[in-house]
Amino acid sequence: MSSAASKRLGFWISFLPPFGWMTVFYLVPLGALLMYAFMRHEYVHVIREFTWENFRQAFTNIGYRNTLIRTLWIANLVTLIDTLLALPVAYFLAFRAGRWKQPLMILVLLPLWSSYLVRVFAWRIILGYNGILNGVLVHTGLLHEPSTLFLYNKFSVVLTLCYIWLPFMILPLTTAFERLPVKLLEASADLGATPFRTLRRVTIPLIMPGLLAGGLSVFSLTMGDYITPSLIGGAGDILIGNLVASEFGVAANWPLGSAFAGVVLVLLFALMAGLSRKGVLENL
Amino acid sequence: MRRLIGLLTIFVYAFMHLPIIVIIIFSFSKGEILSLPIPGWTLDWYRQAINDERLRAGLLNSLKVATVATIVASILGTLGAYAVQRYRFFGRQTFRAAVVIPILLPGIITGVAMLTFFAATDIPLGLLTVMIGHATFGFPVIFNTMAARLSRLPRSLEEAAADLGANPVQAFWRVGLPSIRTALMAGALLAFTLSFDEIIVTIFLTGNQNTLPMEIWARLRFGMTPEINATVTIILLVSGLLVVLSQRLTRE
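Line order of the protein sequences matches chains P and H.
By the working numbering, the letter at position 31 of the first sequence is numbered 31, and the numbering carries on one by one without gaps.
By the working numbering, the letter at position 35 of the second sequence is numbered 319, and the numbering carries on one by one without gaps.
Hints listed in this document are in silico derivations from the structure and should not be mistaken for laboratory results.
Glycine included, each C-beta is placed from N, C-alpha and C at the ideal position.
Among the hints, erroneous ones may be present.
Sample of chain H residues at the chain P side, in silico, Cβ under 7 Å [to be verified]: (1) I322; (2) W325; (3) L360; (4) P390; (5) A397; (6) M398; (7) T400; (8) T420; (9) G449; (10) N451; (11) M498; (12) I518; (13) L521.
Take these sequences, add in the hints, and give me the full structure.
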């Protein structure tokens with residue numbers, strides 16, 4: 001076998017299996033999902049006829065529309081809060097942790113490797129009427145009786161989502177800080193910039209790809225979550241993921257469920273396309 | 285400023301670990317209801333968790349799924365990273381971007397998309413379809429670790445092997461793979477744990493066989509029980525050891 005032919009063979013052997021798998025088991029299913037979104041639904045049957053009806057319902061039904069708006073609002077809020085929480089931690093890990101860095105990094109990773117379900121549920125034990133927070137507050141005399149204000153509302157949903165996805169923000173941000181050339185910061189200071197100006201003009205632009213990468217992960221994960229609202233939220237706090245899950249579950253209206261999923265899909269693809277030009281996808 | 289960052293870091297770490305500490309403490313508590321004050325200490329929940337038939341069946345299914353999914357994802361991820369790092373081809377950048385989509389899109393999209401696909405192709409739902417789902421998001425995880433390692437590995441090693449008469453398969457198997465083995469193990473560990481803990485894709489793709497997270501999910505609807513705390517604490521201990529191991533592997 002000639003070297004060129006053998007090289008070509010090597011390429012096809014390494015390229016075809018992953019390409020084939022991705023096409024058959026990922027891209028085709030995404031296509032199937034989008035096709036369902038344009039199919040008609042009658043009682044429990046899916047009728048293979050083109051219709052815009054599912055999308056019309058998704059955007060005009062007031063309950064659905066409010067859920068979509070609520071999901072976007074909460075996803076933005078969670079991303080913002082996680083950014084603020086992750087910034088000092090990532091900075092500390094990159095510049096101040098010293099010999100503690102390895103164990104501290106492991107502590108960031110550890111929650112990701114332990115049961116997602118139970119970590120969500122733990123907040124019910126902490127925030128509930130008989131929960132730990134109420135126990136502490138009553139015991140210390142700050143409250144006369146346990147409060148029901150901490151659980152089954154937007155506050156508990158946002159808190160839990162921030163908690164669950166925080167490591168996805170800390171990790172890329174830490175990498176971004178690690179790659180930050182410290183000499184540039186010194187140069188900026190030497191040239192007379194105030195610390196705030198250095199932060200705004202040098203530091204933030206340089207860590208931006210990492211920040212956006214983390215933000216994309218947190219935003220996307222929140223957009224798709226439905227376990228947290230169903231365990232921690234009240235009846236009025238469901239997210240678009242709950243609508244998808246119920247249309248594919250008990251409500252059994254796959255075309256409508258596909259339309260909800262399609263809205264999330266298109267939104268996230270648009271976001272990714274916008275961010276990929278800024279080199280964000282390489283920072284994940 | 286320096287002290288403020290330190291204090292904020294401590295606060296965020298407390299926030300990140302409070303729920304896990306709560307779970308661990310309550311797994312040793314005598315009380316059936318998870319609230320303060322704690323009435324006393326016991327190891328009974330661990331005994332119950334270990335002897336629970338359905339938890340054991342779930343654990344076995346989860347181990348099966350995670351093992352198969354990790355093997356498939358390791359093969360696909362390694363091959364894909366190799367193709368992207370060692371060959372220039374039309375659509376290379378697009379392929380690179382497309383490969384990571386399954387970890388960028390939320391699990392619910394992957395779940396319902398595959399569900400419609402399996403329904404349309406009449407493939408019955410069961411552990412096999414769960415394995416396919418998990419392999420699909422495990423693939424980009426391994427692809428990322430491997431592509432990062434391969435990009436730092438000099439190509440000259442494999443070229444030397446080729447000059448000495450090895451075919452591409454031999455060059456990969458005898459020279460390429462040994463030098464990326466630790467990255468592969470770290471990626472595989474991560475893919476394995478993600479699969480082991482996965483719930484959202486699994487809910488849509490499983491038949492009547494439950495994985496461990498599915499079994500926990502079924503019970504959580506009626507409230508948390510102490511034996512779930514014990515189960516999770518055991519898993520936490522094992523995965524803690526795995527994180528330390530994978531950190532060691534990626535540091536090389």
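Worksheet item: If you take the shortest Cβ to Cβ gap from H:M398 to chain P, is it below 7 Å?
Response: Result: holds, 5 Å to nearest chain P Cβ.
Discussion item. Please check whether H:I322 passes as an interface residue: C-beta within 7 Å of a C-beta belonging to chain P.
Written reply: Not OK, violated: H:I322 not within 7 Å of chain P, min 10 Å.
Worksheet item: With 7 Å as the cut and Cβ atoms as the points, is H:L521 at the interface with chain P?
Response: violated, 10 Å
Item to complete: Using 7 Å as the Cβ threshold, decide whether H:L360 counts as touching chain P.
Response: Interface hint status for H:L360: holds (4 Å vs cutoff 7 Å).
Discussion item. Tell me if the interface restraint on H:T400 is satisfied: Cβ within less than 7 Å of some Cβ in chain P.
Written reply: holds, 5 Å
Worksheet item: With a cut-off of 7 Å, does the beta carbon of H:I518 approach a beta carbon of chain P closely enough for the hint to hold?
Response: violated, 11 Å
Worksheet item: Holds or violated: is there a CB of chain P closer than 7 Å to the CB of H:N451?
Response: Holds, because the Cβ-Cβ distance from H:N451 to chain P comes to roughly 6 Å (cut-off 7 Å).
Discussion item. Given a cut of 7 Å on the nearest C-beta pair, is the interface hint for H:A397 held or broken against chain P?
Written reply: OK, holds: H:A397 within 7 Å of chain P, min 4 Å.
Worksheet item: How about H:G449: closest beta carbon in chain P under 7 Å, or not?
Response: violated, 10 Å
Discussion item. Quick check on the hint: H:M498 CB to chain P CB, less than 7 Å?
Written reply: Given a least distance of 10 Å, the restraint on H:M498 is violated.
Worksheet item: Can the hint on H:T420 be confirmed by a CB-to-CB distance to chain P that is less than 7 Å?
Response: Interface hint status for H:T420: holds (5 Å vs cutoff 7 Å).
Worksheet item: Quick one, is the H:W325 hint okay against chain P at 7 Å, beta carbons?
Response: violated, 17 Å
Of the numbered hints listed earlier, those contradicted by the structure are 1, 2, 9, 11, 12 and 13.
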